[in-house]
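Heads up: the protein sequence lines correspond to chains A, B and C, in order. Just so you know, the working numbering puts 178 at position 178 of the first sequence, and the rest follows in order with no gaps. Just so you know, the working numbering puts 237 at position 237 of the second sequence, and the rest follows in order with no gaps. Just so you know, the working numbering puts 108 at position 108 of the third sequence, and the rest follows in order with no gaps.
Since the hints were derived computationally from the structure, they do not count as laboratory data. Given the structure is predicted, the values throughout are model-derived calculations rather than measurements. The reader is advised that the hints may include incorrect statements.
One-sided and incomplete, this derived list gives chain B residues near chain A with beta-carbon spacing under 8 Å [what the hints assert, rightly or not]:
#1 L132
#2 I145
#3 F149
#4 V183
#5 L185
#6 A303
#7 G305
#8 R308
#9 W309
#10 A312
#11 L318
Below, a list of computed lysine to aspartate or glutamate pairs in the EDC-like style, where the Cα atoms sit at most 20 Å apart [said to hold, decoys possible]:
#12 A:K21 with C:E205
#13 C:K173 with A:D225
#14 A:K21 with C:E268
#15 C:K173 with A:D212
#16 C:K238 with C:E268
#17 C:K319 with C:D308
#18 C:K232 with C:E268
#19 C:K199 with C:E211
For glycine and all other residues, C-beta sits at the position ideal for the given N, C-alpha and C.
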Amino acid sequence: MSRIADAVNAPFAPVRAYFRKHRSFGIFVGVVLLSIALPLLTRVPPFDGIQSTNAWVNAFTTAAIYAMLAMGLNVVIGFAGLLDLGYAAFFALGGYTYAFVASPFTGVHLPFWPMLLAGGVVGAIFGVLLGAPTLRLRGDYLAIVTLGFGEIVPITLMNADKFTDGVNGIGGIDKPNIPGILQFTLTNPWPMYGLVIALFSLIMIMIYRLEDSRLGRTWDAIREDELAAESSGVNIVIAKLQAFAVGASIAGIVGVVNAAKITIVTPDQFRFAVSISALAAVVLGGMGNTIGVATGAFIIYLFQSILLKQLNTLVENFNIPVLNQIDFLDFQYVLYGIVLVLMMLKRPQGIFPARRRMREFAPLKIGKRGLK
Amino acid sequence: MATASVTSSTAGRLLGNLRLPLSILAFLGLALGALGIDQFVNAMTLGAIYALVALGYTMVYGIIELINFAHGDVFMVGSFVAMFISSSLLGNEGSITNVPLLAVSVLLLFALTISVMALLGALIERLAYRPLRRAPKLAPLITAIGVSFILQNVIQFFFGPTIVTVPQLVPIEWSIQVSGSRVPLLNLFVIATSVILMVALQLFISRTRTGRAMRTTSMDRDASSLMGVDINRTIMITFLIGSGLAGAAGVVHGLYYGNTTFGLGFQSGLKAFTAAVLGGIGNTAGAALGGFLIAFVEVGASAFGYGRWGGAIVFSLLVIFLVFRPTGLLGSHTGDRA
Amino acid sequence: MSAAKGGPMLRARGVTRKFGGLIAVNSVDFEIPRGSISAIIGPNGAGKTTFFNVIAGIYAPTAGTIELDGKPLISPPTGAGREPILLILPTIPFIALAIYSLLVVGGDTGLVEGVASVAAALLGFVGALLLNIIRPAWYNRLIKRIGVTRPARPNDMVVAGLARTFQNIRLYKSLTTLENILVGMHVHMHGSFLGALFKSRLVREEEAAAEQRARELLAFVDLAGMENELAKNLPYGKQRLLEIARAIASRPKLLLLDEPAAGMNPRETEEMTALIRRIRDELGITILLIEHDMRVVMGISDHITVLDHGEKIAEGLPKAIRTNPKVIEAYLGRGAAAGH
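The following block holds chain A by itself, in its conformation from the complex (with noise of 0.2 Å):
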């Protein structure tokens, strides 16, 4: 059988050796050939009757946003190891520094392609805000503390009323509209579609090479062994602080970018919920797997935004008796506890468990993979 599967494969074994030594170019391509192939498939039917291509490549870049977002929370909680429960809070903060600053609310226009930046700076001084108190805590105090922050944020955001029109947010944001080459439209998704590609498969680029850096082995080094690491030279405190930087940083440009997609910040986007979400989605694909964790939050959006509603217009349709008076949309944020709940019980290390921690379970075997 492996005869088989090793003779199917072995044409593309050069190809497998090229991308790998030239990973980064990889992950671009395999980005765009997924998101060409996607919108594709949906003309297809069962897919087009569900809704319009449109309204698919809509959907596809929400998840890509959710996508990046669950990237960013595994850095913290995959790689470094710190349980972060207020993630959202970064996602609220980047949002409203371009709503700020791109917006009627403030009379202030600043062009969207700095403010990304801007969001990430943002973002990582928020991180290492937030982070610095956590350092000395355990696991569990140190997910609580978050937590607290992550609540301390959208209330706050709610009621310094002068400064965010508390409760009904900040909307009309600027689209990141560049005349004669770029037009955001709301009718259109295609140029959003094509900005949130590009910015995921920058993401996830950044995110493999860290992962490889030195950075990225004293990460490991820290959730393997903490007194270990310290007795090692490994400066604790500012390695658990590049972690959040780097998680926060990242929710920073996608709540700017998130800002730019929906228009409106409230601080009701931005609740616990939202923070439990990528936490589910990092759970569900694999703790420390950055493929893996997109899969998830892809997976899970997929789900509650598409697959939820067929099971309405399925039920209505065959008019089943008691189903008939559930809107199964409801049951988005079930859907997070229960995954959360089963995947610990069941397959704590997700369902594509991370590179690492697959060797945990690989048995005795010497191989060539040097490091990258």
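Fit chains B and C to the known structure of chain A by using the hints.
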């Protein structure tokens, strides 16, 4: 789960033992003066509720070092169960003025709700936490979050996302006069219930064999099991009691506020957990103290016009205590785990 | 970069460590000759591990100082009471600004100015908090001027040229042997964060050189060929070797070995002894070990110090220690000493 501290001289010991009650009395006096009777009574009532919920958090953390995220939602489910029982089963829509009938109804309500909630808590422990007892600490924490979410959204599914009214069996008009202010008997009832339950708990823990088992298991699980303590049963009883108390808190919440909502557990749960941390996690006396303290902070904040920031203030307290004084005010009592 | 060529590698003066009322280490004076293999021995509970951990930076000494290679390394933390001032002080100018704008300028102060000054005060406080947590070197030097010295942390020791192994082996279990060693080398690697993101030449070259050196270290401890083995899959003896390789990776001047021969059979013990000698002879690293196995101690130590009940009771050459009545009494009791 609370042990006495030892100081050297007799005078020192006397003073040491009096220090805490004296500071509590001083604090209460100050609060009374600052808030006035009405708000003071409000704070005490709210504190009574928080204390009951905080006890569950602190007991569970003391015995298995797990922050039972779902505990606040057990409290919330308790309030819904109480609402369901009193409006559907007891057929009540409003208050009951017939005292014997009132007493019977309330007792029935408590008995049923507490039992159901105790069972729910034990069930959660059995299904979601026990399998992960040897897993790294983060696993049951994540599971607890999942359970919390499931509970919230199941309730939201059945009862809707808005505020749900609860029959207030105890008439809110009944009151007594205290130096010019009207103090509703309902408040006193809540406070009394809470105090009675807390005293009962304290007696249980210190006098009964099971209570002793709970204390030793939280100090050293392996040694206790070697001495013949049934760990699984002890932990289950801890959850039974903690969740039962949360159920009682749920009943009391409904009777007092006349309403409840699916999000009650999250907000109040976190505040009750803060109370447990403030008092000293694992320390039941600390949980009670913390509950009242947090209530005073909240009521004080709204008395001075910062009601909307109440949540942020409490969470800030949580962060401050966890970072600067994780053992809490009265010291924490958890096992020595390296 | 050694300050005194020829002086002792480590000099501990009056080192004391108390845990509450228990005095674990009591005013120990101790020197490790440069280039020697020194040992600390003593019956269980003598305070050897505590003393070891003080040198390694895990515990701060209650009293006493430690110098490494002529330079001060560890001293008791001071000025702890002044720490809150460090937090409040930087915010004072901002608080003054806030008060000024709110009171003096008074009603003319717009909400924005008021909030801005309060925000500035908060920022000052937060900045101070961060400095206190991150503790950059320049900040530590600054606060030393007002009499505040912080306890040293283990990673500071490594930067200063010290490395250690653990009694119960603390390897990074799910990392490969190569990766374990690489972590040890991080102290001397300087590729930046941005460099890692953009795969700069500095980073690539540094990583390649590090990998090369890591392989050499593996070969040095006789683990060549096991580069991609997970650390936890190694047999016990090899795990000990790996931990030593990781410790050497940071190019220490002084290597602390905590019971390196524990749990080893005679053949492995011999190999360990030979390795320790080679580390000193070929790499020029001074070695201090705690050990219970007397064959190892007597076999390779140039200099032995004996602790009992937290105090130094004897020191000198192995031969002298072996026959020292105080030492015998400490291990075997008064009767045995009398019998000799």
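Hint-by-hint comparison with the structure:
1. Annotation: B:L132 was flagged as interfacial toward chain A, and the flag holds, the nearest CB pair being 7 Å apart, inside 8 Å.
2. Nearest Cβ of chain A to the Cβ of B:I145: about 6 Å, under the 8 Å cut. The hint holds.
3. Evaluation of the B:F149 hint against chain A yields a held restraint, the C-beta minimum of about 3 Å falling below 8 Å.
4. Of the supplied interface hints, the one on B:V183 is violated, with its beta-carbon coming no nearer than about 31 Å to a beta-carbon of chain A, more than 8 Å.
5. At its closest, the beta carbon of B:L185 sits 34 Å from a beta carbon of chain A; the interface hint therefore is violated under the 8 Å criterion.
6. For B:A303, the interface hint is violated, the least distance from its beta-carbon to any beta-carbon of chain A being 17 Å, above 8 Å.
7. Because the closest C-beta pair between B:G305 and chain A is about 12 Å apart, greater than 8 Å, the hint is violated.
8. Proximity of B:R308 to chain A holds as hinted, the smallest CB-CB distance being about 5 Å (cut-off 8 Å).
9. Hint status for B:W309 relative to chain A: holds, with the closest Cβ pair at about 6 Å, below 8 Å.
10. Look at B:A312: its Cβ gets to within about 5 Å of chain A, closer than 8 Å, so that hint holds up.
11. Among the interface hints, the one on B:L318 holds; its C-beta lies about 5 Å from the nearest C-beta in chain A, closer than the 8 Å criterion.
12. With a CA separation close to 16 Å, the supplied pair A:K21 and C:E205 stays within the 20 Å bound.
13. A distance of roughly 9 Å separates the Cα atoms of C:K173 and A:D225; the hinted pair therefore holds under the 20 Å criterion.
14. Among the hinted pairs, A:K21 with C:E268 is inconsistent with the structure: their alpha-carbon atoms are about 41 Å apart, more than 20 Å.
15. Note on C:K173 and A:D212: the hinted pairing holds, with a Cα-Cα distance of about 18 Å set against a maximum of 20 Å.
16. At roughly 9 Å between alpha-carbon atoms, C:K238 and C:E268 fall within 20 Å of each other, so this suggested pair holds.
17. With a C-alpha separation of about 19 Å, the suggested pairing of C:K319 with C:D308 holds against the 20 Å cut-off.
18. Of the pairs offered as hints, the one joining C:K232 and C:E268 holds, with about 19 Å between alpha carbons and a cut-off of 20 Å not exceeded.
19. For the suggested pair C:K199 and C:E211, the alpha carbons sit about 16 Å apart, so the restraint of at most 20 Å is met.
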